Every structure is written in structure tokens, then in C-alpha cells.
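With chain A held as given, fit chain B onto it using these hints.
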Amino acid sequence: MSDITKQSLTELVENIKNKKLSSTDVTKAFIDRSEKSVELNTYITNDFTSALDKAKKFDQKPNLDLKLPGIPMAVKDLFCTKDIKTTAGSKILNNFVPTYESTVTENIWNEGAILLGKLNCDEFAMGSSNETSFFGNVQSPIDKNLVPGGSSGGSASAVAGQLTPVTIGTDTGGSIRQPASFTGIVGLKPTYGSCSRYGIVAFASSLDQAGPMAQNVKDCALLHEVISSYDPKDSTSIEFKRNHYSKELTNNIKGKKIGIPKEYRVDGMPKEIEDLWQKGIQYIKDCGAETIDISLPNTSYALPTYYIVAPAEASSNLARYDGVKYGFRAKGENLIDMYEKTRSEGFGAEVQRRIMIGTYVLSSGYYDAYYLKAQKVRKLIKNDFDEAYKKVDAILTPSTPSSAFKIGEKTNDPVSMYLNDIFTVPVNLAGLPGISIPAGHDSKGYPLGLQIIGKAFDEQNILNIAYAMEEKINFKNKITDWWIK
Amino acid sequence: MSIDLKTIKHISKLARISVDEQRAEKLAGDLNSIFDFIEKLNELKTDNVEPLTSIAETTLKLRSDEVKSKNIREQIIKNSPQDNEDYFVVPKVIE
Numbered sequence: 005m006s007d008i009t010k011q012s013l014t015e016l017v018e019n020i021k022n023k024k025l026s027s028t029d030v031t032k033a034f035i036d037r038s039e040k041s042v043e044l045n046t047y048i049t050n051d052f053t054s055a056l057d058k059a060k061k062f063d064q065k066p067n068l069d070l071k072l073p074g075i076p077m078a079v080k081d082l083f084c085t086k087d088i089k090t091t092a093g094s095k096i097l098n099n100f101v102p103t104y105e106s107t108v109t110e111n112i113w114n115e116g117a118i119l120l121g122k123l124n125c126d127e128f129a130m131g132s133s134n135e136t137s138f139f140g141n142v143q144s145p146i147d148k149n150l151v152p153g154g155s156s157g158g159s160a161s162a163v164a165g166q167l168t169p170v171t172i173g174t175d176t177g178g179s180i181r182q183p184a185s186f187t188g189i190v191g192l193k194p195t196y197g198s199c200s201r202y203g204i205v206a207f208a209s210s211l212d213q214a215g216p217m218a219q220n221v222k223d224c225a226l227l228h229e230v231i232s233s234y235d236p237k238d239s240t241s242i243e244f245k246r247n248h249y250s251k252e253l254t255n256n257i258k259g260k261k262i263g264i265p266k267e268y269r270v271d272g273m274p275k276e277i278e279d280l281w282q283k284g285i286q287y288i289k290d291c292g293a294e295t296i297d298i299s300l301p302n303t304s305y306a307l308p309t310y311y312i313v314a315p316a317e318a319s320s321n322l323a324r325y326d327g328v329k330y331g332f333r334a335k336g337e338n339l340i341d342m343y344e345k346t347r348s349e350g351f352g353a354e355v356q357r358r359i360m361i362g363t364y365v366l367s368s369g370y371y372d373a374y375y376l377k378a379q380k381v382r383k384l385i386k387n388d389f390d391e392a393y394k395k396v397d398a399i400l401t402p403s404t405p406s407s408a409f410k411i412g413e414k415t416n417d418p419v420s421m422y423l424n425d426i427f428t429v430p431v432n433l434a435g436l437p438g439i440s441i442p443a444g445h446d447s448k449g450y451p452l453g454l455q456i457i458g459k460a461f462d463e464q465n466i467l468n469i470a471y472a473m474e475e476k477i478n479f480k481n482k483i484t485d486w487w488i489k
Numbered sequence: 501m502s503i504d505l506k507t508i509k510h511i512s513k514l515a516r517i518s519v520d521e522q523r524a525e526k527l528a529g530d531l532n533s534i535f536d537f538i539e540k541l542n543e544l545k546t547d548n549v550e551p552l553t554s555i556a557e558t559t560l561k562l563r564s565d566e567v568k569s570k571n572i573r574e575q576i577i578k579n580s581p582q583d584n585e586d587y588f589v590v591p592k593v594i595e
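Those protein sequences? They're chains A and B, same order as listed.
Taking this note's numbering as reference, the numbering of the first sequence is continuous, increasing by one, and the terminal residue is 489.
Taking this note's numbering as reference, the numbering of the second sequence is continuous, increasing by one, and the terminal residue is 595.
All the pointers check out, no bait thrown in.
Calculated pairs, BS3-like style, for lysine-lysine (alpha carbon to alpha carbon, straight line, at most 25 Å): (1) B:Lys-526 - A:Lys-345; (2) A:Lys-345 - B:Lys-592; (3) A:Lys-258 - A:Lys-395.
Since the hints were made in silico from the structure, they are not lab data.
Quantities reported herein were computed from a predicted structural model and do not represent experimental measurements.
Next comes chain A alone, as it looks inside the complex:
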């Protein structure tokens, strides 16, 4: 039984289709392991009883034509799930039970998967270490008291710790790719408009995207194929021909041109990261592809731009939490007092900080100096990528400027925490797809990731490059089960 949780999604699907395993076997195995893994604090809400019922029901009349037949799956607690509490990691939504389902989770259940539970995350997806969650920080399966990254920290820990075969996260500035990199798994942020945002608790609407997180590239491609769809319920969802990403996956990337942007060689970057990058360049060449030095001159302006655009959008999106229509309500002497106390008691420190930044940059007298300026720089950053893609098919960079850090190490310095996303944020600002794959370990034995950035709607290409590199890298995640007694 214990071997079941070690299998990849692709293997589990095959074994269920060949009737070597039942959905009940698989679901039980992941529930057992999840129950032994309370110390990781990955789950905010579990739905184990109902998951087992659904698995039994599936086995009575299995539909084996589905893409995820009877596969159990936990998802980030930012996706609205009908009749299952959805908190976004916040006290203000601690009693919120959606009456509707997000489109991406709907797509997953329609292909036969079964909900295991809702995974911990930074409050409203604002954080890079999963330490801002109202439900406490998440432990990394890599080492005790190590952050799993964020904001999809519970998702990353659950996949790396084998509590779910695969999962979905959301990525506004790196929230899928950074935790994937910190925990030695694969994470894809799709092109803006590829996956519907309907039913996802909104953070920054022009940047948010849902995406798959998995043990390997093939699983990632399969899950992406399931979640990506055109959805009239999201006005920024884009109609384009979506591939059968898993079927069309190939390791043949001969002749592809991969750009190496010099601006990603930042001051103070550890030598280990530079070495990893060089190794990645060698792997690309070993695969028969070509690397080309390129320039993305405005890279260093991406993070300051992000910290105007994202909080501005967040301050508008989070205006809805007023203690009236849903969520937590504090007592107040009058309506305004009730609003102010509800939001002061309901939001955590990081969320309040970002609402304050956003409110400030949008306020009268400061709009042009900050918000408009940021939108102009965002255009320059996008232009950089457009220019680069005239010469190359994809871009290779490190995923993060360092490996995972200890819990509490960066909580007192917001700017040093924000710097974690320095390589991932430009991709969101430009609306492009990016994938992080595990590529090595640092001297402490912690995983390090490489990021492949693609052209808009070119997920197949970056998945193929990742697939080819994965074969050469042959990464083995060092999971010791330290948390299991």
C-alpha cells in the first residue's frame, strides 16, 4: 500500500485503467499518508470521508475513458469548491462555504478526479513562504522548520510529501514556480487567459493564473490539459487552440533556440545558482538545442513595478470583504466602524500592508506617479520579451535567487521576502507561461529549480524543453519522511 503514494499520476492512471488498482486503493493510500502528516500542516480542510465514498462509487461503475479516472486530489484553498469551506488562508473567510465551483476544479472533477481536501496557502496568496496563513505555516517535507515557499506552499508540500499525486496552485508573481523550486517538484504558470479565473479568490486580476504542480513534467502536462479551457464566465479567458499537452509531449528539442538573459545574473546571487544555470545550459546543448545570449534590459524594474500593480489590484479586489455579504464580521458602533474593525481583525499583517500600499498608489495625487508609471514600465518589460522572442523560442533562467530558507528567517523584512520572486515576477507582468523544474541540490541538500519561459500560448514548447531536460537532469528528490513518527 505504501508504494501507491510514490507512483506518479501517469502510473496511477495507467494502473487504474488496467484494473491493477482501484480508485478506493489509491484514495485510501493518500488519505492514510495525509493523516500521518499532520505536522506538515498542509491541509486547512479535509474531505476524506466523502472522498472515500466517491472512490467506492467510482469503482462500482468506473468510467475509464476519463483523463483522471478516480484519482484523488487536494487543491489550494484559493479555489472555490461548492459546499466545501474555502478560506484563502484568511480569518476573514474562515466561515465561507461557496455555493458554486471554480471552473478549473470543475474541469478536474469532470475528468473523474476526487477532492481530498483544501491545501494551506499564504493569506489571499500574498507571501513567498506560506508564513502569512491564518492557519499557520506549512512545513517543507525537505527538512524540518524549512519553508516550502509560497504562496502555494501547502500545495508544494503536499505533492513533494506524496499526500496528493498532483495538485493545482495559483501564481500571481511566482506562487507556483517558487514553491515548486523549493520542494523539488515541477510547477507550471500558464499564459494569462489559458485557465479560467472564475471561482478563484482574486488577488491581482491582471496577473493571477491557476496552474498544475506535479512530481514530473508528464504529469504536469496531463493536468494542464485538463484545467486549461475557454470560459465565458471569465472575461479575460482566451479562445485559442489548446493542445493535448501530454500526448504531444516530446523530448525532441533539436534546433530550438534558447535565450540566456544576462540581466538574471543578479548581484549577490550564490555561486550555486550560477553553477546550476550553467549546468542547465549544458543540458540544453546536450539535447541538441542551441543557447543564445540575450538581453532583457528592464528586468531590474520588474519587482518594483509588481509591488505597485499587484497591491493596487488587491486593494480593489479585497474591498468586497466588508463584513456584510459573507465572511467574518466584527462588532462596531456604526456601519463604518464595523467595516474598519472587520477588516482590521479579519486581515493579517501582510494583507493589510498590501492593501495600504495599493490604496496609497491609487489615491488622489499619487496615481500618476506610481500606478500610471508602473503600467508604463510594465509595457517596457513586455516589449523586452517581445524583442527577445524574435531571436529565440524560449528563455532559460534560475527559478529563484536562492534555495529554501528557514521559517522565521525573513518575516521581519518585507523587501528581502519580496526579492525571492525576482526571477518569476517578470513572467506574470508580461502574461507569459513559465515552468520550474527541479535541477539540482545546494550544499545543504535543498532542491534548486530552473525556469523555462515561453512565448504566449506556447506551453507545449516549454513542456517539451522541460521534458527533455528532465531526462538529462535525472533529479531525485530527497524525502526522508522526517515528519512521520
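Here is chain B on its own, set in the frame of chain A:
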């Protein structure tokens, strides 16, 4: 640039978040260090740059104006902290 306590109070009023003295001081410190970092954007000349307002280069789709969600009053009201079954209830606003 420096964000003082008066500005913090003003923003917190706009954001509808009550902030006590101690919290206001902490926020002023945090926001100042974040804005120091944001000021880097002033190095760039952007006079002739068009602001990027939408990342998806498509025009919004039109749809027919039809009611699709009918009789969902119960669903809408279900999560309210206080209601009288038909309406959301808030503290008294009219004397």
C-alpha cells in the same frame, strides 16, 4: 520620500482598516522601506510609453443580455454574517 503617521492614518481611513498607534508606526516603517525600493522606477524615462492596461491582446467579447442565474436569492444570502432571510442586515445607518 517619507510616509508619516498622518499619511498612514489617511490611507487606513480610505482602506477602511482601523489602525492603532503602535500598528501605524510599524506600517509607516514597512511602507517607507517598500517605497524606497519602488522609487527605483524613477530612473526610467517613460514619457512616450503607452501604459499597459490589459495583458490579453483581445477585445472583450460581447454576449446577449440574458438572465442566466435565476432564483439564487438563498445562495446569495447564505454566507452573510447577519440577514433576515430576504436582506443583508447592517448596523443602523439612518437616525
